[in-house]
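Just so you know, the protein sequences line up as chains A and B, in that order.
In terms of my numbering, the first sequence is numbered consecutively and its last residue is 323.
In terms of my numbering, the second sequence is numbered consecutively and its last residue is 806.
I should point out that these hints are in silico values taken from the structure, not numbers from a laboratory.
So the derived label-pair ranges between C-beta atoms look like this: (1) L143(A) - K502(B): 32 to 40 Å; (2) M776(B) - W28(A): 53 to 61 Å; (3) T602(B) - G75(A): 31 to 39 Å; (4) T768(B) - I100(A): 28 to 36 Å; (5) T768(B) - V194(A): 27 to 35 Å; (6) A210(A) - D422(B): 45 to 53 Å; (7) G604(B) - V135(A): 32 to 40 Å; (8) S375(B) - P241(A): 56 to 64 Å.
From a predicted model like this one, the values you see are computed outputs, not experimental measurements.
Glycine included, each C-beta is placed from N, C-alpha and C at the ideal position.
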Amino acid sequence: MSKQETKARSGLSVKAKRRIFVYGFLAWPILHFLIFWVGMNIGTMIDSFYIYSNSGVRSFVGWENYAEAFKIILGQKDRGIMNHYALLNSLSLIPLALFINMPLTLIFAYGIYKKVAGHAFFRITLFLPSVISTVVLCLVFRLALDNSSGIIVMILRAIGLGGDGSQFDTGIIPVGGFLGNDSTVWGTILVFSVWTGVNGNLIYFSSAMARMPQGIFESAEIDGASQLRQFVSVCIPLIWPTITTISVTLVAAVFSWMMPSLLLTDGTSERASTIGLMITVGVKNDSKNTVINAMGVLVAVFGSALILSFRYLMSKITEEVEY
Amino acid sequence: MKKTFKRILVLCLTLITAVSFVACKGKNNDDTTPTIEVGSLKETYGDWTGKSIEVGALDKGVRVEWLRDAARNFNAGTGSNITIKADESLNENLETFIDAKTGYDVYFTFSAQHQWVRWGLQDKIYPLDDLGVNFKETMEVCGVVNNVRYTMPYTYSPTGFIYNQNYINDIPSNGEFVKGTFPKTWQGLLDMCDSINTKWNKVTLGQKVVPLSWGGSVGDMGYVFEALWGQIDPVGYKAYWGQTTENVAGQNNKSLLVNENSIQALDCVAKLLNPTKNTNGQYYPGNSFSDSTSHSNLMAEQKFLNGLSVFTISGSWFETEMGEQIEDDEIDFYHYATMPIVNSGSKETIYINSPAEYFMIAKNGKNNNPDLAKAFLKYLASEERSRVFQAYTGVPTAMEYRMQKDTLSPFAKEVAEALERSAQVVSASDQKASLSGVLNLNVTTPFIRLATMAYSVDNAEAQLNDLYNTQYNDWNDYFKTFD
Numbered sequence: 001m002s003k004q005e006t007k008a009r010s011g012l013s014v015k016a017k018r019r020i021f022v023y024g025f026l027a028w029p030i031l032h033f034l035i036f037w038v039g040m041n042i043g044t045m046i047d048s049f050y051i052y053s054n055s056g057v058r059s060f061v062g063w064e065n066y067a068e069a070f071k072i073i074l075g076q077k078d079r080g081i082m083n084h085y086a087l088l089n090s091l092s093l094i095p096l097a098l099f100i101n102m103p104l105t106l107i108f109a110y111g112i113y114k115k116v117a118g119h120a121f122f123r124i125t126l127f128l129p130s131v132i133s134t135v136v137l138c139l140v141f142r143l144a145l146d147n148s149s150g151i152i153v154m155i156l157r158a159i160g161l162g163g164d165g166s167q168f169d170t171g172i173i174p175v176g177g178f179l180g181n182d183s184t185v186w187g188t189i190l191v192f193s194v195w196t197g198v199n200g201n202l203i204y205f206s207s208a209m210a211r212m213p214q215g216i217f218e219s220a221e222i223d224g225a226s227q228l229r230q231f232v233s234v235c236i237p238l239i240w241p242t243i244t245t246i247s248v249t250l251v252a253a254v255f256s257w258m259m260p261s262l263l264l265t266d267g268t269s270e271r272a273s274t275i276g277l278m279i280t281v282g283v284k285n286d287s288k289n290t291v292i293n294a295m296g297v298l299v300a301v302f303g304s305a306l307i308l309s310f311r312y313l314m315s316k317i318t319e320e321v322e323y
Numbered sequence: 324m325k326k327t328f329k330r331i332l333v334l335c336l337t338l339i340t341a342v343s344f345v346a347c348k349g350k351n352n353d354d355t356t357p358t359i360e361v362g363s364l365k366e367t368y369g370d371w372t373g374k375s376i377e378v379g380a381l382d383k384g385v386r387v388e389w390l391r392d393a394a395r396n397f398n399a400g401t402g403s404n405i406t407i408k409a410d411e412s413l414n415e416n417l418e419t420f421i422d423a424k425t426g427y428d429v430y431f432t433f434s435a436q437h438q439w440v441r442w443g444l445q446d447k448i449y450p451l452d453d454l455g456v457n458f459k460e461t462m463e464v465c466g467v468v469n470n471v472r473y474t475m476p477y478t479y480s481p482t483g484f485i486y487n488q489n490y491i492n493d494i495p496s497n498g499e500f501v502k503g504t505f506p507k508t509w510q511g512l513l514d515m516c517d518s519i520n521t522k523w524n525k526v527t528l529g530q531k532v533v534p535l536s537w538g539g540s541v542g543d544m545g546y547v548f549e550a551l552w553g554q555i556d557p558v559g560y561k562a563y564w565g566q567t568t569e570n571v572a573g574q575n576n577k578s579l580l581v582n583e584n585s586i587q588a589l590d591c592v593a594k595l596l597n598p599t600k601n602t603n604g605q606y607y608p609g610n611s612f613s614d615s616t617s618h619s620n621l622m623a624e625q626k627f628l629n630g631l632s633v634f635t636i637s638g639s640w641f642e643t644e645m646g647e648q649i650e651d652d653e654i655d656f657y658h659y660a661t662m663p664i665v666n667s668g669s670k671e672t673i674y675i676n677s678p679a680e681y682f683m684i685a686k687n688g689k690n691n692n693p694d695l696a697k698a699f700l701k702y703l704a705s706e707e708r709s710r711v712f713q714a715y716t717g718v719p720t721a722m723e724y725r726m727q728k729d730t731l732s733p734f735a736k737e738v739a740e741a742l743e744r745s746a747q748v749v750s751a752s753d754q755k756a757s758l759s760g761v762l763n764l765n766v767t768t769p770f771i772r773l774a775t776m777a778y779s780v781d782n783a784e785a786q787l788n789d790l791y792n793t794q795y796n797d798w799n800d801y802f803k804t805f806d
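Isolated chain A (complex conformation):
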């Protein structure tokens, strides 16, 4: 059947039909993107140059909201959880995710791939924190740190680090408890993040490792490469594209990271503020506070630059391996 005959029968060329088919599928996500991303962000950007009075009147204020946002970010002005710790804390999540959580996840995934003793048990138990709600994990962690009956506090006391159980002698437990003391609250939240965060990407790394050709490892073993050498020199380069993708998503996620801070401190600790928490609570309390809009725009610009630079850097570290 000729092309002309096909066109004549339906009135449309095959190319046109294919386009309709493809764009038909894409129509919904494109519409969603245009409304909830483009539309919302343009609205946010425009509003960042205005303030609203109680009666709903909008007034142009130029860069005033941005000046306020910079004052908050630079620590010249603090109001509750809207403070300079928010950016510092959020940025501190990047090294935690890249240099602690992800390497640990890789090691666990490699152990499972190499079928270490009890690997079937670890595969399930290590994945459990990923399927249990953060709310439940936070509640468990908070109860474990309670000075009166928390399991962690009890263990610390049992090994002589938690004092004698009186209010007067609490050992290494600070006044206010780990989550109630300004000097320990963020560190404690980071410990929680490691506890719950190492397993989040286990499934991706396990899948990537499952695709690795077994023959390369056998050759490496014949050449006398140790397990560590095989992990570093064979496994990591083979799954580097997955590591890059996961790393970029981890870096991008720090700007919206907030749940543990909110749930472990009721969102009241100024030292446990994060960018995500500050923006979410700020909008919830006062949706007409346009300083939050300015803050959002600044974070979007800074965050995008950071993520793109990081992505570029990761792609330069090693060449992609085809197999």
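With chain A fixed as given, assemble chain B onto it according to the hints.
The following block gives chain B in isolation, referenced to the frame of chain A:
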């Protein structure tokens, strides 16, 4: 082996899921017994046969059983169809509900600072000037902006100390504290704390019982400070809260917040917190738990009910808020006390918690029936419903009415009697038109500082100065929204 392990794991997960579902079962709200006569309701409030409204109610503190009871009675008496939707996080989502195309017709909740002012001025809620409610004098000004009433304040929540009578009967007398009686003077309270710490040394659940259980992460210690300030200097206290948006703009009003009387009140709190050096050289609240500064009000109340402290800070809502634990453990040792007297000759005081819950009628209500909504609010403001509300919750209403003490629980009766004999301290700034939240005295941080630094007579003044400076900076931001 592998299969057995998988089976055990699946069984465990199934059991956990099943137990979780059982634990999530809601309360039984099938009690449909009307509490009062319904015959005359149609004559008083109108015939609303076939008309409907939906009330969104915050399911915290005073809960919603009293409101369901009111709706059942009103529906039975007037033919209306009023439904109550309980929501634990209603106040957090109010902004969304009010701005949405449709929402609840009526709200019972409390909102963040001056939210209701904005909704009133933007014509999103109905004016309620024609309700004709007989409010308590101190609550009359709440919910009014530009001489228009937009909300109907409902709860009138006395705060105070809740103490364990069994413990009080056991603690050795010391100074002004007499064994068996909760102290009437501030010095007596400090002497009691001293006796608990040094003479009594009671141990419960493996821990030494502390005098005070206190939720440091929330503003409950503020109740104590304001009750003391209002007691020491009732005129100065009123002058501070009576400021208008004009005179808070300058720095001329500093003396209204930082003066010898407010300093004395905060110093009393510092002494109650009793900062004490621990083995690490850090200061902790010596009359409380070392981790009190991170406790919530609920955690503090639970520790009190577990017998870990002699008294706690709460209010008339304590019995309702902790009802489950009180019922499950059959606890009856708790009693209510007003703020002890600092200077002889003063009257004992009760700070009335604010912002308190209120009603408002939204213009975007899905049934859009403001007349029925207003009739229902009038009914809720009646003397009968105020009494029923108090009988259910132990909390009085903001309306002027004669309390019916014989229908109250022993605890609620103590609160009612305390209200009759004491002076009441009301700030209510969050709902006062002239202030609308501009003077939001957030003293959570100063209390934590006072509890964790060496005591000095100058600490209180330093903290009040800091508080004033913070407020002064914040006011500029608040004022922008009043232009």
